[in-house]
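If you're matching them up, the sequences are chains U and Z in order.
Residues 1 to 256 (UniProt numbering) are what the first sequence spells out, left to right.
Residues 1 to 584 (UniProt numbering) are what the second sequence spells out, left to right.
Rather than coming from a laboratory, the hints here were simulated on the basis of the structure.
Among these hints, one or two may not hold up.
[To be verified] Derived BS3-like pairs (lysine-lysine); straight-line CA-CA distance at most 25 Å: (1) 294(Z) x 232(U); (2) 457(Z) x 473(Z); (3) 51(U) x 64(Z).
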Amino acid sequence: MKIVVCLKQTFDTEAKITINPDGKINDQGVSLIMNPYDEFAVEEALRLQEKNGGEVTVVSVGGAKAQDALRQALAMGADKAVLVTAELAAMDEYSTATILAKAIAGLEYDLIIGGFRAVDDGSAQVAGRVAEILGLPVVNVVTKLEVADGKALATREIEGGSEVVEVPLPAVITAQKGLNEPRYPSMKGIMKAKKKPMEKKDPAGLGLDAAAVAARVCALEYFLPAPRAAGKIIPGEPAEATAALVRALREEARII
Amino acid sequence: MLQKGGNFLLEALNAADVFTPEDISDEHRMIAGTVADFALNELAPRVEELEHQPAGLMRELLVKAGELGLLSADVPEEYGGSDLGKLASIIITENIVAGGSFALGHGAHTGIGSLPIVLFGNEEQKKRYLPGLASGDLIAAYALTEPNAGSDALSARTKAVLSADGKHYILNGEKMFITNAGFADVFITYAKVDGDKFTAFIVDRNTPGFSLGAEENKMGIKGSSTRSLIFEDAKVPVENVLGEIGRGHVIAFNILNIGRLKLGAGCSGSAKMAIGLAAKYALQRQQFNLPIAKFGLIRQKLARMITEAYAAESVIYRLAGMIEESMEDKATGAEIAAAIEEYAIECSIAKVFGSEVLDYIVDELVQIHGGYGYIQEYPAERLYRDSRINRIFEGTNEINRLIIPATLVRRAMKGQLALLPAAKALAGEVLNLRAAAPEEDGRPLAEERTMLAMAKKLFLLVGGQAVEKYMDKLAREEEIIGILADLAIQIYAMESAVLRALKAWEAGPAGAQMKLDLARAFVFDHYPQLEKWAKEAICFLFDGDMLRTQLSIVKRLCKHQPADLIGLRRQIAARLLEAEKYVV
């Protein structure tokens with residue numbers, strides 16, 4: 001069974017986000033990690049491979065640094081990696097999905113897995129777009145996955161519960177928290193990872209010209225959320241304080 | 001370029017000569033990150049539970065670490081290890097500290113517990129023990145200390161006598177303060193064959209006549225098991241003699257060298273963790289309607305703490321890189337041990353400096369927490385208690401201080417180190433010697449580099465005079481030895497800090513500012529101590545006109561223009577508080 005995992009390198013979830021004077025997000029000195037939802041995808045692919053045999057290929061679109069995230073997946077046990085470096089002035093979900101789909105189209109696959117969203121922009125669009133471009137069914141926010149007889153049985157979150165769906169393979173599956181507990185790369189895995197193949201491409205090499213990958217959506221402005229105002233403690237006896245609280249909620253906060 | 005051990009005191013080194021944390025490979029970076037994640041997510045949540053030593057927990061966690069390969073970095077692949085090399089092993093040690101007492105169990109097992117078999121075991125012993133030790137199926141402990149043989153390890157009284165049938169050694173005696181004893185399967189134990197031939201043995205837990213004392217009630221590292229071992233006609237098979245009869249001291253001392261570097265690495269890791277806690281607390285704790293991080297005396301503490309930690313980290317990586325490089329063509333255990341022995345002086349420096357830096361930092365961590373630092377709810381209290389042992393075990397800091405000049409003198413006498421010619425050359429120029437104006441070469445830290453060169457001369461001056469006066473009786477003048485050790489330790493730390501910053505600057509000035517500031521702050525903070533120590537020694541060595549002459553030489557050598565430490569520390573603290581964690 002051949003599995004392709006799409007993954008993205010994102011800011012560390014503990015990173016401090018700041019905006020540069022030019023209005024862009026400052027990425028200097030920020031530590032980068034594999035998008036945690038993509039880690040679930042890598043883990044699931046490795047478990048399926050351990051059970052059914054086959055091969056796991058990890059694919060990423062990003063800057064040169066994104067190879068660290070791919071190396072981590074290789075250290076966890078993936079077999080090979082493809083990095084498409086796209087140094088575009090602006091990229092959106094359309095650009096990324098177009099490049100990813102083209103890169104994946106050149107690979108053999110029975111199953112494509114990715115995180116259901118990235119922790120940075122959180123658009124949750126890319127995997128779905130890839131499925132659309134490749135003409136494959138997609139099951140989103142999956143928390144349990146079984147694969148047998150050319151079919152996938154996926155449990156996915158829906159509002160207030162979950163549903164179980166069956167899709168024929170090949171298909172695209174997006175991983176939600178709860179799907180599995182990702183492994184740590186072992187020390188041996190880390191040392192082996194540097195010897196595993198990592199293919200490097202760019203959009204032109206995939207046959208995509210600048211117009212084909214140009215962003216359709218552009219960000220007009222980035223700004224940080226307003227800092228949260230300090231809380232207020234209402235002093236006094238419980239009865240009086242409660243009355244004061246109700247008054248404050250009604251007159252100042254206007255929420256009751 | 002590979003340097004000889006101790007050579008740093010004689011020659012001016014270049015930035016290219018030292019290994020720095022910035023030089024580690026992508027793989028080593030990933031190892032560091034993975035180990036830190038593992039410690040934070042899998043170990044840190046169990047630290048409190050581990051403090052009460054529930055049965056099986058330490059072992060469970062060690063096995064879990066073993067699954068990732070964290071027990072087998074030093075074990076060759078043919079025996080089930082991952083053979084990652086010494087540098088990776090140090091990186092693991094430095095990054096696993098969030099596990100609290102786990103780090104002790106881990107260190108005792110992988111370091112002093114397993115290494116004697118890795119380095120000195122015969123083929124049969126390696127096959128029998130190493131795969132289990134690498135996976136965590138077997139846990140090791142190291143038993144050198146006895147109730148009456150601590151620093152004086154070779155005075156051990158545990159005795160081994162060959163049985164009548166020649167199949168066993170019968171051991172009698174007691175070992176004290178043995179880490180991991182409560183659950184270990186394999187004990188590297190030293191005993192004297194026939195009462196005089198100091199020898200290492202591998203003792204299995206189920207050996208008839210072998211038993212354990214009660215769990216010690218310790219000040220800190222409460223999650224680690226510490227017990228005595230009791231040998232009452234314990235029957236140890238002759239196959240379990242490790243190395244040669246009567247050569248146990250070779251194993252004991254070699255293992256301690258690497259153990260000392262690892263201890264220093266653990267201290268460096270803990271120091272960085274403590275600094276993160278201190279910065280976060282200072283930002284969050286409000287007094288006078290301001291976070292206490294806004295106050296100058298708190299910022300000064302934070303700046304001093306990170307300056308010391310930076311120096312300690314620089315020392316550890318410099319030495320680990322040197323040892324890694326020296327391993328390249330070494331295959332047998334004996335060759336590896338000899339290569340590490342070459343850096344015995346630096347290993348002692350790493351141990352003393354690392355443990356004293358950590359003790360200073362956890363003390364200030366408690367102080368920044370104020371009353372809350374004294375309460376067990378905050379990790380500051382545990383870190384403060386846990387730190388204290390580091391100055392005691394793996395050779396007390398006093399013993400390690402004695403080792404530094406003793407090793408230097410021994411190598412000088414054997415002609416392995418050109419200490420005597422250097423001291424003689426210095427004596428020739430000494431009357432004309434004065435602190436030269438720093439040579440501007442377009443690179444930063446010119447003053448600091450000149451000061452370092454003078455500090456090395458100062459060491460040679462004091463050391464040369466002391467050797468000349470006391471000759472082979474110098475060992476009796478322990479206070480002088482101590483001063484020489486402190487000079488050597490500070491010189492090594494200053495040089496490691498300075499050359500690391502310089503190397504970073506050479507790679508790209510943009511990313512080097514914090515390191516340059518930290519190196520400058522470290523040198524200018526500590527330099528005045530050197531003069532004070534040297535004068536103390538000189539006042540003891542000389543009197544009259546000779547004393548006056550020598551004191552004036554010291555004064556001239558140490559002359560320097562002080563730096564604005566307050567301004568420097570404010571900048572350092574600002575960057576630390578911005579990052580909210582150890583940052584260079």
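Here is what the structure says about each hint:
1. A distance of roughly 23 Å separates the Cα atoms of residue 294(Z) and residue 232(U); the hinted pair therefore holds under the 25 Å criterion.
2. Simply put, residue 457(Z) and residue 473(Z) have alpha-carbon atoms about 23 Å apart, close enough for the 25 Å limit, and the pair holds.
3. The hinted pair formed by residue 51(U) and residue 64(Z) meets the criterion: a straight-line CA distance of about 22 Å does not exceed 25 Å.
Hint compliance for this structure: every hint is met.
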